[in-house]
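> Sequence:
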Amino acid sequence: MNETKVVNPMPENENLRDQALDLLKQYRAFWEVLTSKERPALVEFINAPMHKCNRYVAELAAHLNIALKNDRADLLNDEKLISRYSSGRKTDSAATHLSKLIQQFKTLLELIEQFIVYTHVLNDKQAYQKALLKSLKERNNHGLFLKAAADLRTSLNRTTLTLMVAADKWWLEHQCYYDKYADQTNGSNTFEQNISSFDTFFELTTLSNYLEMFNRNVPDNDMIKKFDYAFEAISSGDNSKDPIVVKLYVKMINILKTKNVIPNLHYPDFKVSFYKAEYELAKSDLLALSKTCANYISGLYYQLGTIWLDELFEWLMYLYQKGLYAYEGSISDGEYLNFFLVAQALGKYEVLEQFEETHSKLLDNSVKDQVLSLCRSYTLQREHKINEAWDLLEKTFPLNYKTQLKYDLRIKELRAMLSYENFLLDQKDEDYKEGVVKTMDNLKKYFQRLIEGEHLSEEHTSPHINFRWVVSKLYYYQKKTDEKEKAAILEEILNLLNSNAPLSNRLWITHQLSKIA
1 MNETKVVNPM
11 PENENLRDQA
21 LDLLKQYRAF
31 WEVLTSKERP
41 ALVEFINAPM
51 HKCNRYVAEL
61 AAHLNIALKN
71 DRADLLNDEK
81 LISRYSSGRK
91 TDSAATHLSK
101 LIQQFKTLLE
111 LIEQFIVYTH
121 VLNDKQAYQK
131 ALLKSLKERN
141 NHGLFLKAAA
151 DLRTSLNRTT
161 LTLMVAADKW
171 WLEHQCYYDK
181 YADQTNGSNT
191 FEQNISSFDT
201 FFELTTLSNY
211 LEMFNRNVPD
221 NDMIKKFDYA
231 FEAISSGDNS
241 KDPIVVKLYV
251 KMINILKTKN
261 VIPNLHYPDF
271 KVSFYKAEYE
281 LAKSDLLALS
291 KTCANYISGL
301 YYQLGTIWLD
311 ELFEWLMYLY
321 QKGLYAYEGS
331 ISDGEYLNFF
341 LVAQALGKYE
351 VLEQFEETHS
361 KLLDNSVKDQ
371 VLSLCRSYTL
381 QREHKINEAW
391 DLLEKTFPLN
401 YKTQLKYDLR
411 IKELRAMLSY
421 ENFLLDQKDE
431 DYKEGVVKTM
441 DNLKKYFQRL
451 IEGEHLSEEH
461 TSPHINFRWV
471 VSKLYYYQKK
481 TDEKEKAAIL
491 EEILNLLNSN
501 APLSNRLWIT
511 HQLSKIA
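So the sequence shown is residues 1 to 517, counted in the numbering used here.
Derived by calculation from the structure, the hints in this document are not laboratory data. Keep in mind that this is a model prediction, so the values were computed, not measured. Heads up, some of the hints might be wrong.
[Claimed, not checked] Straight-line alpha carbon distances no greater than 20 angstroms define the calculated SDA-like cross-link-like pairs of lysine to any residue that follow:
1) K257 <-> S457
2) K251 <-> S298
3) K291 <-> G329
4) K52 <-> Q103
5) K402 <-> K385
6) K259 <-> E232
7) K283 <-> T159
8) K291 <-> K225
9) K486 <-> S504
10) K247 <-> G237
11) K283 <-> K225
12) K486 <-> T379
13) K444 <-> K368
14) K125 <-> S155
15) K225 <-> M213
16) K406 <-> K479
17) K271 <-> P243
18) K25 <-> K52
19) K444 <-> K486
[To be verified] If you anchor each label on the Cβ, the simulated ranges turn out as follows:
20) D18 <-> H120: 50 to 56 angstroms
21) K257 <-> N140: 26 to 32 angstroms
22) K444 <-> K385: 23 to 29 angstroms
23) K479 <-> L456: 27 to 33 angstroms
24) R449 <-> A282: 39 to 45 angstroms
25) A29 <-> M50: 22 to 28 angstroms
26) G323 <-> K428: 14 to 20 angstroms
Idealized CB from N, CA, C, for every residue including glycine.
Using the sequences plus the hints, can you model the full thing?
See below:
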């Protein structure tokens with residue numbers, strides 16, 4: 001998209017032109033979110049008598065509709081166009097015309113915002129019903145208000161329960177209970193409906209936020225303690241009448257609260273219940289629960305090894321096949337990388353090819369090149385094209401290149417693997433030997449900086465620290481000639497692998513050990 005630019009503004013009008021340009025950019029941003037059908041409708045909306053706009057506003061909107069469509073919003077470069085749409089007199093100064101044009105732009109901005117709200121309310125039944133109900137209440141028509149409330153209640157009861165639906169249900173019953181005409185006597189069920197809707201809303205709000213705290217590893221504090229008490233209240237007692245989505249959130253949180261207990265007896269129960277109830281859940285809750293479960297299984301893979309890799313892939317495939325990765329029209333770089341690496345590790349190349357074809361286009365343009373280059377580097381490594389993989393990493397992520405932690409960790413560990421594999425190709429090459437030592441030393445310093453700078457906790461750094469330790473041991477194993485010393489090193493590595501110590505890149509390490517065996 002070409003930027004809207006102003007050519008050689010008059011010095012005395014520069015400030016006014018800057019204001020006008022800023023407003024035009026704002027309008028353009030709103031205009032670009034409209035569909036091709038909505039853009040002509042916007043002009044008609046602005047023309048509607050109810051808005052009482054001067055004709056120049058409508059003419060300006062029509063002009064911009066064509067200009068923006070053709071990517072030629074150069075209105076501020078043409079003094080004749082400025083005076084034409086400013087509503088000023090021909091005898092007015094350039095500054096006056098610009099000032100009046102600024103007012104026209106401000107009016108247009110208000111109207112395009114109103115149009116977006118208007119179309120949303122028309123297209124979203126429940127938003128329409130909520131707006132109608134609120135309006136009728138304010139107009140003091142109790143009969144129509146009650147009818148609108150009954151219609152909205154019916155509509156919400158037919159909708160799959162989510163946190164936002166629960167919020168709408170509570171909002172509805174709150175409006176009904178706190179209506180000045182409401183029957184608040186003991187025999188009325190208005191109060192019970194208000195409390196019941198709040199109870200569901202409270203449960204889902206508490207559980208979804210509590211779950212997110214576990215996902216983000218929020219440290220123990222007063223807020224966590226409040227959620228602990230709330231969770232205890234929600235999960236204790238008779239929960240047989242709770243909505244299924246509430247029950248599943250409780251089961252998932254119980255898994256996370258006991259994640260260090262192996263085997264975790266809560267997990268099989270959750271998995272059975274989840275698959276049994278999946279068609280009763282909204283996509284937003286399917287996404288939250290399945291992603292959390294995938295993260296939990298990923299932790300088990302780090303700890304217990306490749307026996308959990310197939311289980312992890314099952315959950316990642318669920319996210320892929322159910323369209324949950326693309327739920328909001330995009331996929332995060334972390335999600336893309338996780339699916340790619342697990343699928344490649346298991347040799348699911350056909351699935352991976354389909355995934356790349358459908359989901360690479362959903363990556364944000366700001367990260368797409370980085371993600372695809374990193375994935376390509378892993379593929380080249382798998383194909384034993386070590387130098388090509390190294391060159392691609394150097395091109396996309398130079399040594400001093402600053403990037404996000406999720407890339408940094410993977411890039412540095414991939415460099416470590418490539419350095420070691422290069423060394424195996426020619427163990428007499430001094431450059432390859434020096435490359436391994438230097439890479440391991442840099443990795444050690446990097447992990448120390450992460451911990452000291454509190455960018456990553458010791459708990460979350462430990463899988464990567466253990467990886468570095470194993471690669472260093474593998475390197476010294478290859479250098480040793482004494483069989484006893486080599487056996488001692490191998491025993492140390494196997495002891496770590498057989499423990500519950502978290503370890504990144506387990507599959508690659510297992511493969512390197514198989515070469516030794």
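> State for each hint whether it applies.
A quick look at each hint next to the structure:
no.: 1; hint: K257 <-> S457; in the structure: holds, 19 angstroms
no.: 2; hint: K251 <-> S298; in the structure: holds, 18 angstroms
no.: 3; hint: K291 <-> G329; in the structure: holds, 17 angstroms
no.: 4; hint: K52 <-> Q103; in the structure: holds, 14 angstroms
no.: 5; hint: K402 <-> K385; in the structure: violated, 26 angstroms
no.: 6; hint: K259 <-> E232; in the structure: holds, 17 angstroms
no.: 7; hint: K283 <-> T159; in the structure: holds, 12 angstroms
no.: 8; hint: K291 <-> K225; in the structure: violated, 25 angstroms
no.: 9; hint: K486 <-> S504; in the structure: violated, 23 angstroms
no.: 10; hint: K247 <-> G237; in the structure: holds, 13 angstroms
no.: 11; hint: K283 <-> K225; in the structure: violated, 30 angstroms
no.: 12; hint: K486 <-> T379; in the structure: violated, 31 angstroms
no.: 13; hint: K444 <-> K368; in the structure: violated, 29 angstroms
no.: 14; hint: K125 <-> S155; in the structure: holds, 9 angstroms
no.: 15; hint: K225 <-> M213; in the structure: holds, 12 angstroms
no.: 16; hint: K406 <-> K479; in the structure: violated, 32 angstroms
no.: 17; hint: K271 <-> P243; in the structure: holds, 17 angstroms
no.: 18; hint: K25 <-> K52; in the structure: violated, 24 angstroms
no.: 19; hint: K444 <-> K486; in the structure: violated, 23 angstroms
no.: 20; hint: D18 <-> H120: 50 to 56 angstroms; in the structure: violated, 32 angstroms
no.: 21; hint: K257 <-> N140: 26 to 32 angstroms; in the structure: violated, 50 angstroms
no.: 22; hint: K444 <-> K385: 23 to 29 angstroms; in the structure: holds, 28 angstroms
no.: 23; hint: K479 <-> L456: 27 to 33 angstroms; in the structure: holds, 31 angstroms
no.: 24; hint: R449 <-> A282: 39 to 45 angstroms; in the structure: holds, 42 angstroms
no.: 25; hint: A29 <-> M50: 22 to 28 angstroms; in the structure: holds, 25 angstroms
no.: 26; hint: G323 <-> K428: 14 to 20 angstroms; in the structure: violated, 53 angstroms
The structure fails hints 5, 8, 9, 11, 12, 13, 16, 18, 19, 20, 21, 26 (numbered hints given earlier, in ascending order).
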